[in-house]
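J.: Chains A and B supply the protein sequences, listed in that same order. Following the working numbering, the numbering of the first sequence begins with 1 at its first residue and continues without gaps. Following the working numbering, the numbering of the second sequence begins with 1001 at its first residue and continues without gaps.
It is possible that part of the hints are untrue.
No more than 25 Å apart at the CA atoms, straight line, and that leaves these computed lysine to any residue pairs for SDA-like [what the hints assert, rightly or not]:
#1 Lys1440/B with Ile67/A
#2 Lys59/A with Arg1437/B
#3 Lys1572/B with Lys72/A
#4 Lys1524/B with Arg1207/B
#5 Lys70/A with Asp1563/B
#6 Lys75/A with Phe1304/B
#7 Lys1432/B with Pro1449/B
#8 Lys75/A with Arg1207/B
#9 Lys72/A with Ile1303/B
#10 Lys1524/B with Pro60/A
Hint data in this document are derived by calculation from the structure and do not stem from the laboratory. The model shown is predicted, which means the values in this text are computed figures rather than measured ones.
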Amino acid sequence: MNRFFEFFEFSWFDSLVEVGSSYAAQIDGLILTVLIIVGIWFLAAEYIFLHFILKFRAKPGRRGEYIDGKNKRHKRWITIPHLCVLAFDVLIIVVSFRVWYNIKMDLPEDPDAVIRVIGQQWAWTFQHPGADGELDTPDDIFTVDELHVENEKTYHFELQSTDVLHSFSVPVWRIKQDAIPGRTITGWFEPTRTGTYDVQCAEICGFGHGVMAAHVMVEDAETHAAWVAANTPAAQ
Amino acid sequence: MVEPAVDLTHGHAHDDHADHGPQGWLKYLWSTDHKVIAMQYLFTGIFMALIGGFMAYVFRMQLAFPGMPVPGFGIVSPGEYNALVTNHGTIMIFWVAMPVLLAAFGNFLIPLMVGADDMVFPKINRLSFQVFFVSTIVILASLVVEGGGFAGAWTAYPPLSADSTYNLTPLGSTLWVIGVGLEFVAFLLGGINFITTLMNSRAPGMRAFDVPIVVWMIVVASILFMLSVGPLLAGAIMLIFDQTIGTGFYNPATGGDPILWQHLFWFFGHPEVYVVLLPAMGVVIEIITTFARKKLFAYRTVIFTIVATGVLSFFVWAHHQFIAGIDPRMANIFTVTTLLISVPIAELCFIYIATLYGGSITLSTPMLWALAFVAEFLIGGVTGIFLGAAGADIYFHDTYFVLAHFHYTFFPIAIIGTFAALTYWFPKMFGKLLDERLGKWHFWLTIIPFNMIFIPLFVLGMGGQHRRIYNYTHFPELAGDGFQSMRIIATLSLLVMLGAQFIFLYNCIKTARSKKKAPRNPWKANSLEWTTESPPPHGNWHPDRMPVVYRGPYEYSVPGREDDYWPQNEPK
Chain A
1 MNRFFEFFEF SWFDSLVEVG SSYAAQIDGL ILTVLIIVGI WFLAAEYIFL HFILKFRAKP
61 GRRGEYIDGK NKRHKRWITI PHLCVLAFDV LIIVVSFRVW YNIKMDLPED PDAVIRVIGQ
121 QWAWTFQHPG ADGELDTPDD IFTVDELHVE NEKTYHFELQ STDVLHSFSV PVWRIKQDAI
181 PGRTITGWFE PTRTGTYDVQ CAEICGFGHG VMAAHVMVED AETHAAWVAA NTPAAQ
Chain B
1001 MVEPAVDLTH GHAHDDHADH GPQGWLKYLW STDHKVIAMQ YLFTGIFMAL IGGFMAYVFR
1061 MQLAFPGMPV PGFGIVSPGE YNALVTNHGT IMIFWVAMPV LLAAFGNFLI PLMVGADDMV
1121 FPKINRLSFQ VFFVSTIVIL ASLVVEGGGF AGAWTAYPPL SADSTYNLTP LGSTLWVIGV
1181 GLEFVAFLLG GINFITTLMN SRAPGMRAFD VPIVVWMIVV ASILFMLSVG PLLAGAIMLI
1241 FDQTIGTGFY NPATGGDPIL WQHLFWFFGH PEVYVVLLPA MGVVIEIITT FARKKLFAYR
1301 TVIFTIVATG VLSFFVWAHH QFIAGIDPRM ANIFTVTTLL ISVPIAELCF IYIATLYGGS
1361 ITLSTPMLWA LAFVAEFLIG GVTGIFLGAA GADIYFHDTY FVLAHFHYTF FPIAIIGTFA
1421 ALTYWFPKMF GKLLDERLGK WHFWLTIIPF NMIFIPLFVL GMGGQHRRIY NYTHFPELAG
1481 DGFQSMRIIA TLSLLVMLGA QFIFLYNCIK TARSKKKAPR NPWKANSLEW TTESPPPHGN
1541 WHPDRMPVVY RGPYEYSVPG REDDYWPQNE PK
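Isolated chain A (complex conformation):
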């Protein structure tokens, strides 16, 4: 079964936006699956449509045919495509379910770290666990608009908002989740590519929505350890 699904994992638009997380290829592959299915349908429909327009142009002396579409022989032309659409819908649903389940429903157990992401008008606050690897301890590192994570580690994030709706979106990771005041929403990601990437707020949040830009720095183990060491707050 897994071999069947791995067939659908494929990144193909990395020239537009890089591929930076463990599950990005699943989403990209799903998009490609849908693209191929609807692309074939779309091209076939447009081709037949334009073909009929050109073929059945009015000519002197020729009348239209009288077809009411009531008998089975004629109706076949819409019932068979209709059933095909249904079959392809099922395929898309199955592939989509699996992607959705892996990303949004199935939290990997024992993450390497938990971080907290807090949206407010109009900045992101990131709470890193610090050297001890635990949140809400004195060595937590708070940053604004700058998230530091280590490459190829599994993270849980706890998403919160202090005022209005925000949405935490990192296009290279293919991740997006709305932040809702009064709730904590947990999700996960595993970066697979080092570098500095954009974090966008994807839900309109007022005057400064357009400048609510943050960055995520994906670092290798050494750089990340150095950053943690350099930024750990002095003991009280």
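Based on the hints, put chain B in the right spot on chain A.
T.: Chain B in isolation, oriented as in the chain A frame:
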């Protein structure tokens, strides 16, 4: 439904509202004639389309040339940008698509097509427009009050929309909700007439399946609207209370829930798509059958299909909320229902194509618009599959891919469908025939730039560009020259498209000044509106010569007849 419907309005009801009302210009303000009310809706809708189009011009200019002053507007601040995109969406849906497609053509066509002298409740009809007119003034006022227009997106998600300390537009946001609420009331009033007129005022002999599809479509759309808008009206009142008297329906700090609004909004918002889609699809069916000289393929299947679409449309709303923090298990259910809705809509597209088969097609201007609707709407339809699949929506949600997708549905509906209907019924509405050559120039100069605007936006959405951000230079991944040149292409194409609308304006002025009158039935069509004068008189037909119906509206190219059309009212 074999017996002819009982005729309630012919005869006596006609005199009640004949020529006793006010005269002169007041006649137009207080008229109960469905055709006058249709014109009122039409011209209000076109006026609002100009405002909505101007807004698109301003924010597209800002995106293409960030920070530069926009000619005719000036420098766009982030707050103004948000207000522009918010009100562009609100106006184009509630004050352009709905009044023009549903109200203007619904009012104009339903009595004429079912052979009635007017709506069943002409005074409710008048009240409907008057409420709509007030709502128009309220929404326009909301743009100019202190603090500016509402800037929380047309979806108005709380807490942003509910609290002026967050949205900074205390007056604009409240007026926005009041305006939208009044607009809903107007369409509730109008819908009563559409439904009852179809049920009670059909001409003798007109059975349920002899009614032109566009009438069915408008009536089903009205039913969808009336069934879905109630919860949102209640939600809108709660929102006003949150804004003005400090209740906390959507405020988590006082036990409310911001997600509640999203459910109420999208429970209405998704059927609303079909409320405007169905009339446009009906218009296209009328035009395609007329200009292909073909009987509609599988009339009853069309009716069952739109009813199925309507029912399904009530069970798909949460596909707008996949990543909004709802229980992730819910997304699976809504993925299934959303993809299922592709079946009836695909079937309608197959029916269009099957209707063209074996036809004798004339590519007149209305036919071009109608065919373009099918060709372009297909793009909007298939791109919806990406968004309905919850897994892919994680990436696409709130990107320009979504924006391009729904413009590929709404533009065919509200602009292409409207121009199809306007050019087709123009001779009936105004008694003159539009210039075909100018009409075709207008068509191509609208359709080609339209695709040039939104195809680059699909690519930008794939690249991860999110909506409602006034300046992408803050995001290094989006600030590259490649992406910026796509934004510039889209904006320049918009300028061409907006400019092309002057061709249509010129065509209308030229036609209005010409002396040549249109014949009663210039397209040789079958339905009843073509059997009366152009434009129809008050009461539509002479009271003694009300039409009687003998057959369905799509009897084109019937074998054994000399003419290739067979009007519904012609005895055997």
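J.: Look at each hint and say if it fits the structure.
T.: Consistency of the hints with the structure:
Using a Cα cut-off of 25 Å, the hinted pair lysine 1440/B and isoleucine 67/A is violated, with the two alpha carbons roughly 30 Å apart. Proposed proximity of lysine 59/A and arginine 1437/B is supported: the alpha carbons are some 21 Å apart, at most 25 Å. Annotation: proposed proximity of lysine 1572/B to lysine 72/A is violated, straight-line Cα distance about 28 Å (limit 25 Å). Taking the CA atoms of lysine 1524/B and arginine 1207/B, the gap is near 22 Å; set against the 25 Å cutoff, the hint holds.
Annotation: proposed proximity of lysine 70/A to aspartate 1563/B holds, straight-line Cα distance about 23 Å (limit 25 Å). Straight-line distance between C-alpha atoms of lysine 75/A and phenylalanine 1304/B comes to about 14 Å, which keeps the hinted pair within the 25 Å bound. Taken as a hint, the lysine 1432/B and proline 1449/B pair is broken in the structure, with Cα atoms around 29 Å apart against an allowance of 25 Å. For the suggested pair lysine 75/A and arginine 1207/B, the alpha carbons sit about 23 Å apart, so the restraint of at most 25 Å is met.
Taken as a hint, the lysine 72/A and isoleucine 1303/B pair is honoured in the structure, with Cα atoms around 18 Å apart against an allowance of 25 Å. Restraint check for lysine 1524/B and proline 60/A: satisfied, since their Cα atoms lie roughly 16 Å apart, inside the 25 Å limit.
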